[in-house]
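Respectively, the protein sequence lines represent chains A and B. The first sequence begins at 305 in my numbering and counts up by one. The second sequence begins at 217 in my numbering and counts up by one.
Hints should not be assumed to be uniformly reliable.
Derived pair list, reagent style DSS-like, types lysine-lysine, alpha-carbon separation capped at 30 Å [as the list claims (entries may be wrong)]:
1) B/K352 / B/K486
2) A/K326 / B/K486
3) A/K327 / B/K235
4) A/K328 / B/K235
Some chain B residues flagged as far from chain A (calculated, every beta-carbon gap over 10 Å) [as the list claims (entries may be wrong)]:
5) G226
6) P227
7) H258
8) D288
9) M291
10) T294
11) A327
12) I346
13) L475
14) I505
Keep in mind the hints are simulated off the structure, nothing from the lab. Please read all numbers here as calculations on a predicted model, not as lab measurements. Glycine included, each C-beta is placed from N, C-alpha and C at the ideal position.
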Amino acid sequence: MAEPQNANTPSPSAYGLSPEEKKKRGQRNIAIALALGAFIILVFLVTILRIGGAVAERSF
Amino acid sequence: MDSTQFSVAGPRDYFALLKPRVMSLVIFTALVGMVAAPGSLHPALAAIALLAIAVGAGASGALNMWWDADIDAVMTRTARRPIPSGLVPRAEAAAFGGFLSILSVFLLALASNYVAAGLLAFTIFFYVVIYSMWLKRLTPQNIVIGGAAGALPPVVGWAAVSGDAPLEAWVLFAIIFLWTPPHFWALALFKSGDYERAGVPMMPVVRGGRSTRRQIFGYALILAVAGLAPYVVGMAGLIYLAVAASFGAVFIGLSWRVLKAADDDFGSAKQLFAFSILYLFALFAAILIEQLAGLHG
Chain A
305 MAEPQNANTP
315 SPSAYGLSPE
325 EKKKRGQRNI
335 AIALALGAFI
345 ILVFLVTILR
355 IGGAVAERSF
Chain B
217 MDSTQFSVAG
227 PRDYFALLKP
237 RVMSLVIFTA
247 LVGMVAAPGS
257 LHPALAAIAL
267 LAIAVGAGAS
277 GALNMWWDAD
287 IDAVMTRTAR
297 RPIPSGLVPR
307 AEAAAFGGFL
317 SILSVFLLAL
327 ASNYVAAGLL
337 AFTIFFYVVI
347 YSMWLKRLTP
357 QNIVIGGAAG
367 ALPPVVGWAA
377 VSGDAPLEAW
387 VLFAIIFLWT
397 PPHFWALALF
407 KSGDYERAGV
417 PMMPVVRGGR
427 STRRQIFGYA
437 LILAVAGLAP
447 YVVGMAGLIY
457 LAVAASFGAV
467 FIGLSWRVLK
477 AADDDFGSAK
487 QLFAFSILYL
497 FALFAAILIE
507 QLAGLHG
């Protein structure tokens, strides 16, 4: 007979992700990495295009 | 349940939170605003600015889905969205939308200017707070006033290039603003059961189909005239005038059929809904083509 679960009992998934959960987590991680990489490149591009060669001429 | 630990949501589900179809219309109208605006912006900076506007629109879509998850769950049109289908937890959608909102506004400020960034921030605020949180569940005028959020992208695009928002930019705003009520009410006519179940006071639910049909026709008349305004203020040429006049006439004709149809006949409303999308696309495409071909401006 199955033991009744209480709120403190971790679900079986807590001991390891199912293959589907692992696969989706991997996909999310890659998507976040790609988005972050793209954002870094965009900010770099904006910096180069807006400041360009004048970067040393800025007054601080 | 620890939703982040057991989530089976993929990147595609998060992308769906951004309302890609709405985003594509925002990209298009903002692009027209950018092309029609005087001044110049480096093509790469313009592309980044356009991306920022698109992400900002998407972020407000995600925040809208976060706030309206209860409504979306009971409407057939929206029940398969990532939150009601259980794929993305509400809190994650809120964080995702909030994070992208801030990121998009900062990126637009970096790529173009503070006027455009401020207008984008206002657009997101208006759509999420004024429309989604306040008006949508309060009044049948929800989409009339809330339509301002959907009408702002060409103004944001214009400001990204020129640094200001003159009358011409607001003419583009006015066209989308006046287009929104007949577009959404045509949809609401044949989806009124959905809205009624969800407790959303759309016009057909509150005032009935007959009143909605009259108002659709009234807006169609005003829209068809407003559609000519870009030519009148000198920001568009004869090609645009021909497109706006002919498509405006069809819009009025279809709205007349909606008005004259029986209360239980929704065929004309479905036709008007489909045509309204084509109408907006055609008018903005005409401005774009004239500008790109050097025929005007």
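Against chain A, does B/G226 keep a CB gap of more than 10 Å to every residue? violated (5 Å)
Report holds if the minimum CB distance from B/P227 to chain A is greater than 10 Å, and violated otherwise. About 4 Å separates B/P227 from the closest Cβ of chain A, which leaves it inside 10 Å; violated.
Between B/K352 and B/K486, is the straight-line Cα distance small enough, at 30 Å or below? Distance ~22 Å between B/K352 and B/K486 Cα, so the pair holds.
With the threshold set at 30 Å, check whether the alpha-carbon distance from A/K326 to B/K486 stays at or below it. Roughly 43 Å separates the two Cα atoms, so the pair is violated.
Since B/H258 was said not to touch the interface, does its Cβ keep a gap of more than 10 Å from each Cβ of chain A? violated (5 Å)
Any Cβ of chain A at or closer than 10 Å to B/M291, or is the non-interface label fine? holds (26 Å)
Next pair to validate is A/K327 with B/K235; report whether the Cα-Cα distance is within 30 Å. The given pair, whose Cα atoms are some 24 Å apart, holds under the 30 Å limit.
Chain A versus B/A327 - minimum CB to CB distance exceeding 10 Å, so not interface: violated (5 Å)
B/L475 non-interfacial with respect to chain A [C-beta, more than 10 Å]: Correct as stated: the minimum Cβ-Cβ distance to chain A is 48 Å, above 10 Å.
For B/D288, is the shortest beta carbon distance to chain A beyond 10 Å? Correct as stated: the minimum Cβ-Cβ distance to chain A is 22 Å, above 10 Å.
Decide if the proposed pair is consistent with the structure: A/K328 and B/K235, CA atoms, cutoff 30 Å inclusive. holds (21 Å)
Interface-negative label, B/T294 against chain A, beta-carbon threshold 10 Å: holds (23 Å)
The structure shown violates the earlier hints numbered 2, 5, 6, 7, 11.
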